[in-house]
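There are 2 protein chains.
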Amino acid sequence: MTMSRIKIAITDDHTLFRQSLALLLQQSADMELVLEAADGPAMLEALATGSQLPDIALIDIDMPGMNGVELNEQLQTRYPDIKVVVLSIYTQERIISRMINAGAAAYLFKNCEKEEFIQAIHTVHKSGFYVNKPVFEALQRFRKQNNELRNINAIAIELTNRETEILRLICQEYSNPEIADKLSLSVRTVEGHRNNLLLKTGCRNTAGLVLFAIRYGFFIV
Amino acid sequence: MTMSRIKIAITDDHTLFRQSLALLLQQSADMELVLEAADGPAMLEALATGSQLPDIALIDIDMPGMNGVELNEQLQTRYPDIKVVVLSIYTQERIISRMINAGAAAYLFKNCEKEEFIQAIHTVHKSGFYVNKPVFEALQRFRKQNNELRNINAIAIELTNRETEILRLICQEYSNPEIADKLSLSVRTVEGHRNNLLLKTGCRNTAGLVLFAIRYGFFIV
DNA sequence: TCTGAACCAGGTAGAAATACCTGGTTTTTT
DNA sequence: AAAAAACCAGGTATTTCTACCTGGTTCAGA
Chain A
1 MTMSRIKIAI
11 TDDHTLFRQS
21 LALLLQQSAD
31 MELVLEAADG
41 PAMLEALATG
51 SQLPDIALID
61 IDMPGMNGVE
71 LNEQLQTRYP
81 DIKVVVLSIY
91 TQERIISRMI
101 NAGAAAYLFK
111 NCEKEEFIQA
121 IHTVHKSGFY
131 VNKPVFEALQ
141 RFRKQNNELR
151 NINAIAIELT
161 NRETEILRLI
171 CQEYSNPEIA
181 DKLSLSVRTV
191 EGHRNNLLLK
201 TGCRNTAGLV
211 LFAIRYGFFI
221 V
Chain B
1 MTMSRIKIAI
11 TDDHTLFRQS
21 LALLLQQSAD
31 MELVLEAADG
41 PAMLEALATG
51 SQLPDIALID
61 IDMPGMNGVE
71 LNEQLQTRYP
81 DIKVVVLSIY
91 TQERIISRMI
101 NAGAAAYLFK
111 NCEKEEFIQA
121 IHTVHKSGFY
131 VNKPVFEALQ
141 RFRKQNNELR
151 NINAIAIELT
161 NRETEILRLI
171 CQEYSNPEIA
181 DKLSLSVRTV
191 EGHRNNLLLK
201 TGCRNTAGLV
211 LFAIRYGFFI
221 V
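Listed in order, the protein sequences are those of chains A and B.
Counting in full-length UniProt numbering, the first sequence runs from 1 upward without gaps.
Counting in full-length UniProt numbering, the second sequence runs from 1 upward without gaps.
Don't take every hint at face value.
No copy labels: a pair is met if it fits in one copy or bridges any two.
Stated by the list, open to error - Think about it this way: if two alpha-carbon atoms lie no more than 27 Å apart in a straight line, the pair counts; the simulated DSSO-like pairs of lysine-lysine are: (1) Lys110 with Lys126; (2) Lys200 with Lys110; (3) Lys200 with Lys126; (4) Lys114 with Lys7; (5) Lys182 with Lys114; (6) Lys182 with Lys126; (7) Lys133 with Lys110; (8) Lys110 with Lys182.
Treat the hints as calculated values from the structure; they're not laboratory data.
Required output: the full structure, derived from the provided sequences and hints.
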């Protein structure tokens, strides 16, 4: 049984690194280097003219001209079938998150072991993605930071069962009279609960209540 | 060599599911069910009073009272060391993204194979996270959708510049008179635009417009 | 040049939401 | 048993929203 080899492209402005990586790939019988470029524009140019598209594109972040973030986004829109694997020295949460969010299939630190590198390529080729522990943790940290920034004073708000129930109905586009009808209550009672919701949440109107409900998980969009 | 067993908690309002899951866990010698609860408040209560904290908390999304999203966020802030594994029937990208963003260590569909389930628990315990292919792809799709929608209105519904502008202000809790004032327009004009928004989107009221804006990326929560 | 779309803004009505009250019952907590 | 909280619902008044009209200007494309 003969399997087609994994076609790989490399974009990195450090020639030495690029070439030694090429050597490393040659040691794996099932991988094939089909494209080498020193920067983003060169890679895009080569892809546009070249005949055979790679399965996987290894890209660096720090590159002159177009950086890796931009190149990644370009690749995602123009060649959605090519899996992008980012190789970087950056450990900042924000950058990792940005790349993964833009659609990168994997993010590897340049100081990873060559076994993990090879393993990652196989996994990406087979499963479409590869996430290792440091990257996952970085993503978690990034989210946690973002969440903290948003929830400065807020978790103290507690709603009663009725309030929660009515808040959910408001998010389903029901008006007060409709809610009253649905729950067999007086419109006044519903108005009272809605008023309490506005007071407790500090919102100004329905729009605010819907946003509150979504932000704090009372309603899933 | 004797390793301490993985302590697990389950929160799910379906007793049958919870109990059969417990049975499944008993078959793994290295796992130990330390806590069972039917809903979020019960779980939090049990954690607050019980002596031994679980390593991993399995939670459902659809639960009466406090839903899984909220429970997850509560667990993340109160017990950051407990790894949350979400078990859900939902395959919507947005919900998956929401849970992972809130810090869940894994998201599994309830129809996954028991081998994968056990594997996921081991992986989470060992590496702190577990992501399978469908979940990763869902996250990718979610990001891709958001990116597309944020740039240009790629939906069937096309809004004019004024409409978009007013929709965003509505999402910022401004009333029609306030929007009129902000944009130096007559309240009637704003009402006209708002009415067009309702017609175009098929929504019934402000709550609907806010949900529409969020779903289609006109407003980021 | 004509057409259509976007944008602006007036009128009239009625429905709904908001802002203040009032007071009752039930349930939970202390 | 007492206190607190949740829940229910009425009154009055004002503001805002919604649903129908009407017709004007401006600008792009056929």
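Results of checking the hints against the structure:
1. Lys110 with Lys126: both (22 Å within a copy, 24 Å between copies)
2. Lys200 with Lys110: neither (37 Å within a copy, 36 Å between copies)
3. Lys200 with Lys126: Classified as neither: same-chain Cα gap 51 Å, cross-chain 42 Å, threshold 27 Å.
4. Lys114 with Lys7: For Lys114 and Lys7, the Cα distance is within 27 Å only inside one copy (18 Å; across copies 35 Å).
5. Lys182 with Lys114: neither (57 Å within a copy, 41 Å between copies)
6. Lys182 with Lys126: neither (51 Å within a copy, 49 Å between copies)
7. Lys133 with Lys110: Both: 15 Å inside a chain and 25 Å across chains, each within 27 Å.
8. Lys110 with Lys182: For Lys110 and Lys182, the Cα distance exceeds 27 Å both inside one copy (49 Å) and across copies (32 Å).
In this structure, the earlier hints numbered 2, 3, 5, 6 and 8 are contradicted, and the remaining ones agree with it.
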